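Residue numbers (our numbering), protein chains in the order written: chain A, 1 to 286; chain B, 1 to 387.
Calculated directly from the structure, the hints in this document are not laboratory data.
Remember, predicted model here, so these are calculated numbers, not experimental data.
All C-beta atoms, glycine included, are put in the ideal place defined by N, C-alpha and C.
It cannot be assumed that every hint is accurate.
What follows is a set of in silico ranges between Cβ atoms, one per label pair, in the way DEER data are often shown [said to hold, decoys possible]:
{"id": "1", "chain 1": "A", "residue 1": "196", "chain 2": "B", "residue 2": "334", "range": "49 to 59 angstroms"}
{"id": "2", "chain 1": "B", "residue 1": "291", "chain 2": "A", "residue 2": "77", "range": "21 to 31 angstroms"}
{"id": "3", "chain 1": "A", "residue 1": "43", "chain 2": "B", "residue 2": "304", "range": "28 to 38 angstroms"}
To give an idea of the chain A side of the interface with chain B (calculated C-beta under 10 angstroms), a few residues [unchecked claim]:
{"id": "4", "residue": "36"}
{"id": "5", "residue": "40"}
{"id": "6", "residue": "75"}
{"id": "7", "residue": "101"}
{"id": "8", "residue": "160"}
{"id": "9", "residue": "194"}
{"id": "10", "residue": "197"}
{"id": "11", "residue": "217"}
{"id": "12", "residue": "261"}
{"id": "13", "residue": "269"}
{"id": "14", "residue": "272"}
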Amino acid sequence: MSILIDDETRILVQGITGREGRLHAEQMIHYGTQIVGGVAPGKGGEWAVGKPIFDTVSAAVKATGANTSVIFVPPRHATDAIYEAVEAGIQLLICITEGIPIQDMMQVNDYVHRQNCRLIGPNCPGLLIPDYAKIGIIPGNIAMPGNVGVVSRSGTLSYEVINALTQIGIGQSTCIGIGGDPIIGTRMVEVLEMFEADPQTEAVALLGEIGGRSEITAADYIRSHMTKRIVAFVAGNSAPEGRRMGHAGAIVAGKDGTAQAKIAALSAAGAVIAEHPEQIPELIIQ
Amino acid sequence: MKLYEFQSKAYFADFGIPIPASHLVETPEQTVEAAKTLGGRVVLKAQVLASNRDRVGGIRYADNPDDVYKHAQILLGSEIHGFTVQKLLVDEAIDIQERLYLAITNDRVSGRPVLIASTQGGTYIEDIALQDPETVLWEHIDPLIGLRDYQIRRLCSNLNLPRDLWKDFHRITWGLYRCYTNCDATLVEINPLVITTEHTFIAVDGKLVVDDNALFRQPEIATLLQTNVGHRSEATALEAGLTYIKLAGQIGCMVNGAGMAMTVMDMIRRYSNNQVGPANFLDIRGGATSERIATALDIILSDADVQTVLISIFGGITHCDVVARGIIAAVENINTTIPLVIRLKGTNAELARSLLQDSQLPHLIIGDSLMNTVHKAIMAAEGHMHV
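Just chain A, with the same shape it has in the complex:
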């Protein structure tokens, strides 16, 4: 079985009448995902891609029994959509939206945690369980079912790796993009915990990048708890130092934010380090 979702998962699409919302709702349904309806304020009672539209999340939950929501709402309304979904009793939220102001995100993320809900993203491609379900925008046709878990901060980097795995016949258990923003709902280490507990997952491809400490925390977990093989790639080795403004960023980040520090920590924890994304499949097999 996959992580995070199962046969009980009933999914709403918030922003189902927008260009991206409609397109990806269609693709999710086509993939066999249990989409039960959509939310688009002012369009309640209409239909989109064969599913009923509701004005509010609470009305949608009442009518459809939805427990999960995937959010395609534009950035200036996206956090409102998250608050609304949590208040309506949605347990799992996947926010695809890119460009949400960071101070809004810190507030809503705190609220989501206080309400014991789980948020994936924002600025993420969501989840793909090959041949079972797709919640988000990861292209379904590049994946195949199998035993490798994929966790990534970068959407397109994960597509490259999923594609490369599939091309040599290595399937995936669950692919999850946790998002590239500084503030995200679910961290890398939480996904590793889920993969470690998931009987279907035998190895994990971990795709990190510069900035923050998530790979360092992940490395600590790998060293102390992880029994499954980890192959890791960290992007940003050649990134210029940048004209950093002010000192607070350096104080907060310490020395852990560089690709070199992350690679060293992951390697010391026992992860196998890939030089480039297309090398990951061969390192998984070895």
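Starting from the known structure of chain A, fit chain B onto it as the hints suggest.
Quick look at chain B alone, frame taken from chain A:
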């Protein structure tokens, strides 16, 4: 978006933070004039969007008109951390007794804003934070509750601030916090926050960085975009919804997703043995339109350093046919002879491929795997490939 010191301090003053009397000038003559009205003893500060100016002589003290003129002449037009100095901020000289550090930024580990304070203000504060962490105090701010007075009291006490200054310290910290929230800042920093010999606080330096994602609701700050972005193309890119950073290499890169964009840059360096490098970082971001793609290619091709363009798009929310149309429109418009190495995968990739083939554009090289695409771009850039 980063604000200049003179802009940052003007915002701080709006929120009740005391700043030195000052003038903004662009010529040595104006500088002398400004110094006169400020009482003769002044500090000349190069206005560049970078830290640690003082380590390279970007901050100069002068107490007579000759010195003012001489230092202004040296500073104006000089290069500091890659920026040409066009403006000086002339501050009245402050008699300093103690230098504090005070800042609010976003801590991604805790997911909260953090108020940072120290009595060890100055440009080496991050080194001090590593070597002697107890001297740099952190107060995490609950994002839903906001800053509380007791947190500031705790700082006053733990910093051993003189009791008679606690009230002013509260006022300044609250001002800084209101500036942080009202301006959608990712950083507000006073370094140093000075205690003068007259036993008052004054913010001698100031830095304000604003969240690019929030510029839509910061119209006043958004008007600074054209003047405040390091490279002119970077401002054009930001307005078009692109993230672009100019770099020193020869291969112009157009990639979707910041992680993949960095990966491609890493691979160019690694597999050319550092013989060639990326000319830019460019993330077209999700759901790009043909117009945005065309703008992106325009920006890349307007860079004289670019000898080859590498385009790698793995479409999820981005549609490859839209990318292809944008490329075709831009190339037909510019009529360039620079080789374009293109790899389009994912959503509508087949349609994109046939569009590119039908376009009959010259100088197109189609890449297959990522590695193969990077190799072709390196070879094209090194002039080993005839197209």
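How the hints compare with the structure:
no., hint, verdict
1, A/196 / B/334: 49 to 59 angstroms, "holds, 52 angstroms"
2, B/291 / A/77: 21 to 31 angstroms, "holds, 24 angstroms"
3, A/43 / B/304: 28 to 38 angstroms, "violated, 50 angstroms"
4, 36, "violated, 22 angstroms"
5, 40, "violated, 18 angstroms"
6, 75, "holds, 6 angstroms"
7, 101, "holds, 4 angstroms"
8, 160, "holds, 6 angstroms"
9, 194, "violated, 19 angstroms"
10, 197, "violated, 24 angstroms"
11, 217, "holds, 8 angstroms"
12, 261, "violated, 13 angstroms"
13, 269, "violated, 18 angstroms"
14, 272, "violated, 17 angstroms"
Against the hints set out earlier in the document, violations occur for numbers 3, 4, 5, 9, 10, 12, 13 and 14.
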